[in-house]
Amino acid sequence: MTALPAPVLLASTGVTGLVVLLLLSVGGAHLARRRRERRDAARRAELTPLIYTLLDGEQTAQSLVDAPAVLDDVVLHLLPQLRGHDRQVLRDLLISRGVVDRAAEQISARAPWRRGRAAMLLGATGSTRYTPDLVTLLEDRSPDVRSAAARALGRAGDVDAVPDLLAALTAVRPVPSGIVGMALLDVGTAALPALRAALGSGTAPARALSASLLGLHGDLPATAALTAALDDPGASTDVRRAAAGALGRIGAPQAGDALSRVAVLAVDPALRSAAAEALGRIGDPACVAALAAGMSASDLRVRTTCADALASITPEGRDRLRVLGALDGPAAPAARAALDAVSSEIPRSLTGAH
Amino acid sequence: MREFLLDALLTAGWVLTAHVALFHLVTLLLVLAGARRVWRNRHWRGAEGHDETFASPLTPAVSILVPAHDEEAGILDTLSAALGQKYPALEVVLVDDGSTDRTFALVAERYALRPVTPRPTADLPVDGEILSVHRASTGDPLLVIRKDSVGRRSDALNAALNHARHPLVCMVDADSLLETEALLQVSRPFVEDPDNVVAAGGVIRAANGALTDRGTMVEPRLSRRWVVRVQVIEYLRSFLLGRTGWADAQALLIISGAFGLFRRDVVLEVGGMDPNSLAEDAELVVTIQEHLRRQRRPHRVVFVPQTVCWTEVPESWQVLGRQRKRWSHGLGQLLWKHRRMIGNPRYGPIGVLALPFFLLFELLGPVIEVVGVAAVATSMVLGLVEPAVAGAVLVLAIALGVLLSATAIAVEELTYHRYGRGRDLLGLMGAAVVEHLWFRWVHSWYRLRGLAAALTRRSPVWTAMPRVGFSGDAAPAAGPVPAGGLVPVAS
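In order, the protein sequence lines correspond to chains E and W.
Sequential numbering of the first sequence, starting at 1051, is according to the working numbering.
Sequential numbering of the second sequence, starting at 568, is according to the working numbering.
It is possible that some hints are incorrect.
Below, computed lysine to any residue pairings styled on SDA-like, alpha-carbon distance capped at 20 Å [unchecked claim]:
| hint | chain 1 | residue 1 | chain 2 | residue 2 |
| --- | --- | --- | --- | --- |
| 1 | W | K653 | E | P1130 |
| 2 | W | K904 | W | P842 |
| 3 | W | K653 | E | Q1138 |
Think of the hints as simulated: they come from the structure by calculation, not from any bench.
Excised from the complex, chain E in its bound form (with noise of 0.2 Å):
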């Protein structure tokens, strides 16, 4: 422990003024940005009122085609809070002020925050004219650049790309089923027939993805399909409770046989849920005998789902609550407490369970 002074005091040194130069960097930087945001901030006001005009048709595109480069950030915040023909407008902007040409340039750019920007910036566009760049892109080795790249498919609302999407689930490089779900829900109605495509023939992930989306959709013709699958005792559990969870959503009351089998005989509890669920959305007094018997399940989930879904049934559902509250048993907590939560208004954001 003698010899070390001069190199540690070296050290030291070199430490102590990296330090003192790192905290002035600080500070300047501190002043650089302040400076910045109220130089950003002038333009912006100052820009705003440009693309009102121009949304107003008081002023063309080509007007605007040399304004400052913060003029692309505002109207890229713009763009996702307008529909229609402002929409298409702004588009139009970023189209001649060159930015899509440019993004279309960076797709295969090194860095891959320049890739996952283009792919941004073109789903923006909403061009499909980028279409095949961005399922390439569906399979970057950056999986930022997936998810933007599927992201800027879905608001492209290219419909040749759903199948594209649905097999990014089990790429090599897979994307995030709630990223492709997201993205196939902006292509809207126009997805439909390829969800129920795949809710029949695809893989296990794109079966659940399909099943979940057509629920959200509220699709009456995927009715059968969703029964079957629900139905398939070879289906994975994810797919089968995708299923349930869609019919209830559509409401389809042809489906309450199927429903009522597995919340009374399915081995797995959250299927069992999702299928007791169902038949409380769906409302069908017929389905009351089969919830009933559900309560009598030794897991507790199921049994507050039941009663949960009783609950929703009037006035079958809730007479059967009220006998089975009576009675001795595990029944009897559920269903008093359920009958309980609906004897009086119900914030709204507790029934919104998703």
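Dock chain W against the given chain E, drawing on the hints supplied.
For chain W alone, kept in the frame of chain E given last:
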């Protein structure tokens, strides 16, 4: 014998030097990993606006769980912030865990609570008796559970988990303020990757000294107290550098109990919160990862640095000491319980990176520091080490520590820059230096005591922190808002 003692002293000195060098090397790697992400995100964050998450029907509903024991000073602000979240479907489950103050009375008055029949959806064991369950009749999605306290936050959280109804649960401390979009931001990974993400946490920042208005953070400001300022630096370093790096390495060990979002089914699957742990937040994260790794199920624990929860940090040395002792005790319990994971490649980066790091630097660090410093001091007295050498090593250790803190300030300024005032920035810079001059050593002493408590298997004791509240005085926030409507948090 004398030679043995001399050798031991010199060895202790070298061990201290090596420990300091290794710690800073590892931390530097974490900083570089964090800096890489910050640099990458400078141009493009990899995700777009949160409006689509808000509007998406795929966004799962969230139950916000708030355990509270004697929290009259800030509970109404905390509830306002939780209920005011910009989120499509949520409920708040407040557990009044045996409060002896006006916590329940204030909530009952503000939200016109009415008793309801308990409607549990899970049956986790709860030791404290459930006294009653209430629901707001003001239209707010608020459920309040009154229970006997058994002196453990985990017991209150298990009671809340039993009554929560949504697929995601967000655990929030009763002295914390969530930013309006915090839930939307932290839930985003669950929306985007629902099959794999099991837990997500955000950044915790000190609210002391800030300007708040009925549960809303108006302007973050730095407290005038140095004991708070050094904690601000600590939090910045821990969250902006440490956790970002750990998350990138897929080795995130801790999601703060003050603000964490979990998949409820997974939490129930592992049996809820460990009733005996003093570090139940870290305990839950490690247990979940151990469980899922054993079952070879894919999972991700995510850190969302944009998300902020403001919390009240201790303003006195006594309270800070108790808190840090408890943390260290809890860490000791956690590492002992999961000792089979330490260094075990079966558990991936958690086993081979995070747990050994926490064992070596967080748990044993204070032992090495205190024993090492004592050994160096003794060596100086005995003439074994020249004061110049010891002084030089000390200066280097301090300079390296300050460099890390300065890096955290730089990351804060270059990315999130929550502190808009120049004077706050200067205060942070001052605290970065002050922290390593004396706070670090006092902190080591607290942690050492916590480790001793863990080693002697003392019964875990949850000590409540005296609250000042977000309204600046001991009076509850139910009263009228002072002139101007904006009130600084006492500091």
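Exercise for the section: List in ascending order the numbers of the hints, as given earlier, that are violated by the structure. Expected result: Checked against the structure, the only hint that fails is number 3, while the rest are satisfied.
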